[in-house]
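2 protein chains.
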Amino acid sequence: MTEMVTNEVPASNAYLEKMNKFWRAANYLSACQLYLLDNPLLKKPLTPDMIKKKIVGHWGTVPAQNFVFVHMNRLIKLYDLDLILLSGPGHGGNFFIANDYLDGSYSEIYPNISQDEAGMQKLFKQFSFPGGVPSHCAPETPGSIHEGGELGYSIAHACGAIFDNPDLIAATVVGDGEAETGPLATSWQCNKFINPITDGVVLPILNLNGYKIANPTIFGRMSHQELVDFFHGCGWEPYFVEGDDPMTMHRLMADTMDTVIARIKEIQAHARQQNDATRPVWPMVILRTPKGWTGPKVVDGKRIEGNFLAHQVPIAMDKPEHLQLLSDWLHSYHAEELFDETGKLLPELRALAPEGDRRIGMNPHANGGILYRELRLPDFRDYAFDIGNHGEKDSQDTQNLGPYIRDIFKLNDDAKNFRIFSPDENNSNRFQAVFDVENRDWNVQATAEDDHLSPSGRVMDSMLSEHMCEGWLEGYLLTGRHGFFDTYEAFSRIVDSMAAQHAKWLKVCNQLPWRHSIASLNLMMCSTVWQQDHNGFTHQDPGFMDHMANKNADVVRIFLPPDTNCLLATMDTCLRTQNFVNVIIASKHPRPQWLSMEEAVKHCTQGIGIWDWASNDQGQDPDIVFACAGETPTLEALAAVSILRKELPELKIRFINVVDLFKLLPQTEHPHGLTDVEYDMLFTKDKPVIFNFHGYPKLVHELTYHRHNNRLMHVCGYREEGTITTPFDVRVQNNVDRFHLVRSALKRLPNLGNRGAYLFQKMNDKLVEHKQYIHDKGVDLPEVSQWKWED
Amino acid sequence: MTEMVTNEVPASNAYLEKMNKFWRAANYLSACQLYLLDNPLLKKPLTPDMIKKKIVGHWGTVPAQNFVFVHMNRLIKLYDLDLILLSGPGHGGNFFIANDYLDGSYSEIYPNISQDEAGMQKLFKQFSFPGGVPSHCAPETPGSIHEGGELGYSIAHACGAIFDNPDLIAATVVGDGEAETGPLATSWQCNKFINPITDGVVLPILNLNGYKIANPTIFGRMSHQELVDFFHGCGWEPYFVEGDDPMTMHRLMADTMDTVIARIKEIQAHARQQNDATRPVWPMVILRTPKGWTGPKVVDGKRIEGNFLAHQVPIAMDKPEHLQLLSDWLHSYHAEELFDETGKLLPELRALAPEGDRRIGMNPHANGGILYRELRLPDFRDYAFDIGNHGEKDSQDTQNLGPYIRDIFKLNDDAKNFRIFSPDENNSNRFQAVFDVENRDWNVQATAEDDHLSPSGRVMDSMLSEHMCEGWLEGYLLTGRHGFFDTYEAFSRIVDSMAAQHAKWLKVCNQLPWRHSIASLNLMMCSTVWQQDHNGFTHQDPGFMDHMANKNADVVRIFLPPDTNCLLATMDTCLRTQNFVNVIIASKHPRPQWLSMEEAVKHCTQGIGIWDWASNDQGQDPDIVFACAGETPTLEALAAVSILRKELPELKIRFINVVDLFKLLPQTEHPHGLTDVEYDMLFTKDKPVIFNFHGYPKLVHELTYHRHNNRLMHVCGYREEGTITTPFDVRVQNNVDRFHLVRSALKRLPNLGNRGAYLFQKMNDKLVEHKQYIHDKGVDLPEVSQWKWED
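Residue numbers (UniProt numbering), protein chains in the order written: chain A, 1 to 791; chain B, 1 to 791.
Please keep in mind that the hints were generated in silico from the structure rather than gathered at the bench.
Computed from a prediction, not measured in an experiment: that's the story for all the values here.
Treat the hints with care, since some could be wrong.
In this list, chains with the same sequence are indistinguishable; a pair is considered to hold if it fits within one copy or across any two.
Claimed, not checked - Restricting the straight-line Cα-Cα distance to at most 25 Å, the calculated cross-link-like pairs of lysine to aspartate or glutamate (DMTMM-like) are:
no., residue 1, residue 2
1, 687, 647
2, 416, 572
3, 393, 599
4, 54, 721
Kindly produce the complete structure, drawing on both the sequences and the hints.
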């Protein structure tokens with residue numbers, strides 16, 4: 001029977017004494033994870049064979065995070081809070097594991113790590129050990145939605161988590177190293193996007209332990225007044241908890257947190273009772289503690305606790321006398337006072353932690369797939385663009401997608417589980433239709449002329465930061481909701497690393513049966529390399545596809561819908577999937593529309609296919625195959641085919657369009673890949689292929705490397721040529737235009753004789769004519785800009 | 001004869017009136033650049049044929065930047081300042097061009113854009129026009145060292161520019177949109193790294209025009225007190241200049257700037273006379289002006305000036321009646337009062353701008369190659385590691401490079417033109433030797449225990465921000481100095497986009513004869529995918545090579561030195577080059593050392609070569625070729641070869657190592673590429689090749705796509721498998737270990753019969769033994785960890 005504990009405000013000294021013991025237990029488990037192979041309760045004297053051969057992990061950040069954890073436990077119990085904890089400092093994941101173990105979460109999820117001596121031994125051994133668990137917070141860590149590898153995204157993730165979760169608190173430890181990164185620095189502004197009525201609370205706890213790996217930290221050395229000013233300027237009210245004496249600090253922290261929670265409740269009560277969403281000044285905590293707190297004071301004559309030398313393992317096992325130091329340190333926690341003989345935490349201490357799903361490790365928001373509910377989707381066919389004949393009408397793909405997105409907002413208005421994210425580009429990317437029913441999120445001062453701003457908006461395009469868009473969306477998805485991020489293609493590279501880390505997170509989650517699947521990360525590239533009339537060279541980079549193509553095949557998908565109806569079908573698919581990173585290359589400019597909805601559905605379902613209406617090889621072997629992926633390359637490939645078919649009607653041409661890029665890969669390398677037989681039936685084994693590609697040509701070469709006819713494939717694509725010029729001229733500069741394509745085809749069709757040579761010369765003339773025309777007029781040749789496919 | 005102008009403090013009203021005229025001239029030229037094909041002085045009524053068919057560019061940010069420019073001109077003349085201007089807002093490059101034209105810089109550099117009506121007509125037509133110049137500040141813009149495409153790096157660039165330039169002021173307009181990006185947000189901390197004695201001044205001018213593309217800005221809507229607090233917290237003293245009445249604003253700006261310059265001079269005088277480098281509180285300016293100031297007030301019933309609708313072109317030419325609006329607007333500047341009949345700026349206005357190199361467009365710091373001086377380099381051969389026999393001794397490559405870097409600091413101590421950059425990783429990357437002679441840069445509070453911190457340090461590793469490291473280095477290089485950025489390979493992806501933009505900048509500079517060459521951007525990846533014992537999966541990403549491989553071949557280089565002596569030779573080469581982005585993959589962990597200095601010099605000069613001592617095909621055709629690139633793959637390839645040569649001595653093996661990755665490309669695709677004949681002489685046309693690669697295998701497939709034996713090449717490399725484990729186990733997980741390599745070779749040597757099958761089985765057994773051993777012990781098999789090449 002668990003002893004009842006007194007749990008009151010202010011906390012009693014007796015309660016704080018018990019919390020200190022719990023903290024000692026967490027520190028003990030954290031330290032032992034670094035070192036011990038065996039003898040987990042130190043019942044025997046420590047001998048070298050009980051120590052890991054290679055000791056890798058971090059200590060410096062650990063004790064303060066254990067301190068936060070035990071105080072969060074108190075708050076959860078005392079106020080019955082729905083609270084998750086994000087660990088920004090990254091390394092020191094042993095702290096989170098230790099606390100998960102103490103409250104039983106860890107053993108429930110990993111029964112082999114049992115609540116006894118044997119389990120504790122395994123807990124210690126597995127940490128940062130081959131076949132074991134990472135040294136930082138990771139997908140393997142119950143309760144974590146934040147990987148502690150790359151730094152800077154904790155507040156963005158936390159903020160994404162609490163959007164539309166009015167009862168959730170995301171306590172977020174921010175390291176003072178992490179605080180120096182760009183993404184974290186701008187994250188402090190996130191309070192301008194939080195609605196105190198409909199969103200939850202981000203509670204930042206900036207831990208100033210003063211040091212990074214080998215340097216002091218900027219925030220650790222700013223003056224008290226500078227800290228106060230900085231956070232006031234960012235719109236937060238900082239509460240300081242500073243010191244190193246444990247019991248003094250427990251008192252200070254408990255009292256401060258009581259004040260902070262009272263302030264949060266006061267803010268929420270006012271906002272919700274008065275229906276006043278005005279941005280409040282939210283509280284935050286600045287926790288200044290020694291780095292490596294409670295760890296070894298001095299080793300080899302050097303100060304460790306309170307110094308940067310505490311960052312990783314505080315005692316290297318490179319000298320025999322260090323064994324005693326280690327033993328003394330570990331014994332200083334007096335595990336025998338905290339665990340019973342069998343290795344079980346004493347019930348009076350266990351009672352300090354919450355129960356069931358209130359445990360930080362078991363909170364369903366931190367295993368968001370548990371809360372995942374299907375997004376209600378309208379029938380995308382209802383938004384079909386009536387194309388008339390193939391290529392007869394021009395229209396704008398993303399603009400046509402807008403009403404479909406708008407209606408997703410409508411259909412899920414009750415669930416409030418859908419947001420879209422864009423760095424000030426919603427209109428530029430042509431999603432204006434969403435404003436029929438939804439606003440932009442904005443909780444700063446507003447004016448009458450502002451366009452669709454509201455503290456309740458769920459269109460997240462009011463902050464010019466790709467990092468925040470990506471981080472918010474990740475946090476939103478990780479807690480079981482839905483959305484997408486639309487951005488300029490070139491600037492997707494700003495979040496290369498974030499997206500890669502998310503892909504890695506998903507890959508690991510796929511190997512953890514207890515991690516429930518979440519909605520895919522949908523990244524839509526809307527302002528692409530091919531039309532940058534006034535932005536030019538700096539806005540041209542289609543390499544995000546290359547970047548993602550290197551990631552685990554089970555996780556990544558790349559789609560290049562060539563028109564509106566294909567974009568609709570693709571988005572519908574992407575929004576239904578789970579645990580993928582879907583990259584969608586979409587067009588926003590007026591373009592011919594090729595496929596009816598019926599054709600588009602079939603085409604997108606196959607992912608790759610022959611367009612019969614553009615081909616003339618029906619029933620025969622083609623002389624040449626034209627393939628394409630991406631809307632501009634498709635347009636030019638069709639224009640090239642129309643020239644060839646008109647000028648050389650006897651030529652048999654097959655026209656292939658690729659929507660799902662990984663169809664090109666062998667089946668053995670990607671679940672979507674075609675078998676060689678399937679591939680050869682499309683591309684032939686022995687006919688020349690002209691492949692007009694949206695991105696860098698090398699990517700298609702990579703994907704088709706093992707195919708039979710790879711030597712016969714000529715790939716055109718972006719080759720880093722561009723400046724301010726017309727849409728057609730940038731195609732010409734990169735050889736993806738119709739005239740170059742026809743030339744490329746002719747070079748591979750030597751048997752055409754004079755007729756080929758004549759057409760080749762004609763194409764050269766066209767290229768000269770084009771250059772002269774745009775030089776004089778600044779616009780494209782009418783025969784190009786007004787070109788129509790004739791069915 | 002130019003009229004003398006009164007230039008006094010405070011500025012006279014007469015002088016401010018003239019400045020206002022100059023500003024009107026700049027605004028006029030900026031607006032006309034957006035619209036006009038002809039009729040530059042509006043001598044005739046405006047007709048549709050005089051208007052560009054497609055009007056693309058930005059207006060919103062322009063007038064305030066013109067305002068800043070004219071006031072900077074005043075300061076330069078009044079105080080004889082050495083001042084450059086960085087334009088953070090990005091778009092609106094027409095403002096910089098307008099001012100360059102007004103002071104004559106533009107015509108000096110581009111004589112066809114002459115100082116007369118004909119030149120003005122060309123000036124207008126070329127802007128954002130095919131074959132013309134980009135719409136944002138760009139390499140083409142005289143005086144700019146900052147591309148206005150991707151936002152967020154202006155302060156970092158400015159700060160890099162003023163390091164070790166004590167007399168330079170980098171005035172930096174920060175847009176309130178840009179201010180929301182992560183990199184810019186953390187840039188405010190840069191004052192902690194500026195030495196008031198030996199560095200110059202970053203003078204931020206935060207322009208609050210209140211709007212981005214379609215949204216208000218966060219900084220634009222923060223309260224006055226929040227702005228004051230924020231910048232006080234960041235360590236700046238903000239001076240506010242707010243309003244919209246031109247003459248009132250000129251008075252306010254001039255007086256404020258006089259105060260700011262006085263404050264800067266006071267800070268510098270104190271620091272330099274007292275030799276007191278203590279971080280001062282530097283002044284900055286907050287300039288609040290209407291977006292699209294002086295532009296059209298209302299168009300189609302919508303407010304334009306002071307609204308987000310002023311962002312791009314304020315009057316679309318989609319309605320006939322807009323022609324009159326445009327005409328009224330352009331006439332409102334009264335060009336006839338500013339330019340003479342021939343189109344030349346009136347001398348009394350021209351006299352407001354500085355002369356010669358003091359002009360912002362002609363300041364040599366903004367064309368840094370002018371100031372570039374060779375770095376003095378020690379003879380790298382003096383730092384040779386004595387390898388004994390091939391592979392006999394272990395050592396750490398980057399640690400061995402340290403003394404060479406240290407001595408670069410020594411040799412250039414007078415020139416003060418060398419810095420190294422790293423996000424808190426200098427020690428982790430093993431460059432401790434530099435601390436013999438140089439300190440870390442740190443100008444915050446310091447303690448006795450801090451390790452080599454000084455306000456005069458030139459080791460820039462005290463801020464944990466890849467963005468700042470990259471931005472600082474770019475600014476340092478762009479102003480004619482030298483350095484490199486060493487970082488964890490995986491986290492180089494954080495600056496993917498920045499490095500790509502720099503590569504694009506260099507590519508364009510190479511086409512501009514007036515842009516003098518600068519030192520290459522050297523990016524060293526020191527903590528690589530292959531040894532992440534306690535960081536694991538999140539720290540594994542070798543894709544920066546793939547990223548750079550897509551950039552212009554004339555600009556990018558990738559080197560994979562396999563040992564210390566090769567790293568020394570490679571660094572020496574990279575530090576001598578100009579206008580490249582050099583990516584260097586370097587090892588920091590203890591590894592066998594393969595090549596003597598003499599061998600290394602030859603090998604690195606060739607970039608690729610056969611290692612005779614590892615091969616046994618001398619004088620004969622090989623049965624198989626082993627190739628490798630990168631230190632870990634080289635180690636495992638050699639180990640595999642040693643197994644094969646021992647077990648199957650009759651097998652003829654050729655061993656090739658690649659240092660310069662682009663040797664693999666055809667000569668036609670990269671200046672370093674081998675001809676097919678050269679390539680075939682190394683790799684053969686018809687023998688199997690096992691290529692063990694540092695990065696993703698696809699990159700080698702890409703590079704060798706067109707080679708004769710591409711189908712016979714089997715590439716092993718990183719395939720996104722990794723977690724906490726031993727160095728050897730992560731190789732096994734990715735199939736780049738010796739046992740997998742031998743198996744791969746045997747699969748391609750079917751004629752070995754039973755002997756091959758026997759060895760294949762033996763390799764399988766080894767892999768099982770390995771797994772069991774690390775599971776039990778947590779370390780690698782002694783036969784692996786203690787393996788030595790036997791010469």
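Now the hints, each set against the structure:
no. : hint      : in the structure
1   : 687 / 647 : within (20 Å within a copy, 44 Å between copies)
2   : 416 / 572 : within (19 Å within a copy, 59 Å between copies)
3   : 393 / 599 : within (16 Å within a copy, 66 Å between copies)
4   : 54 / 721  : between (50 Å within a copy, 21 Å between copies)
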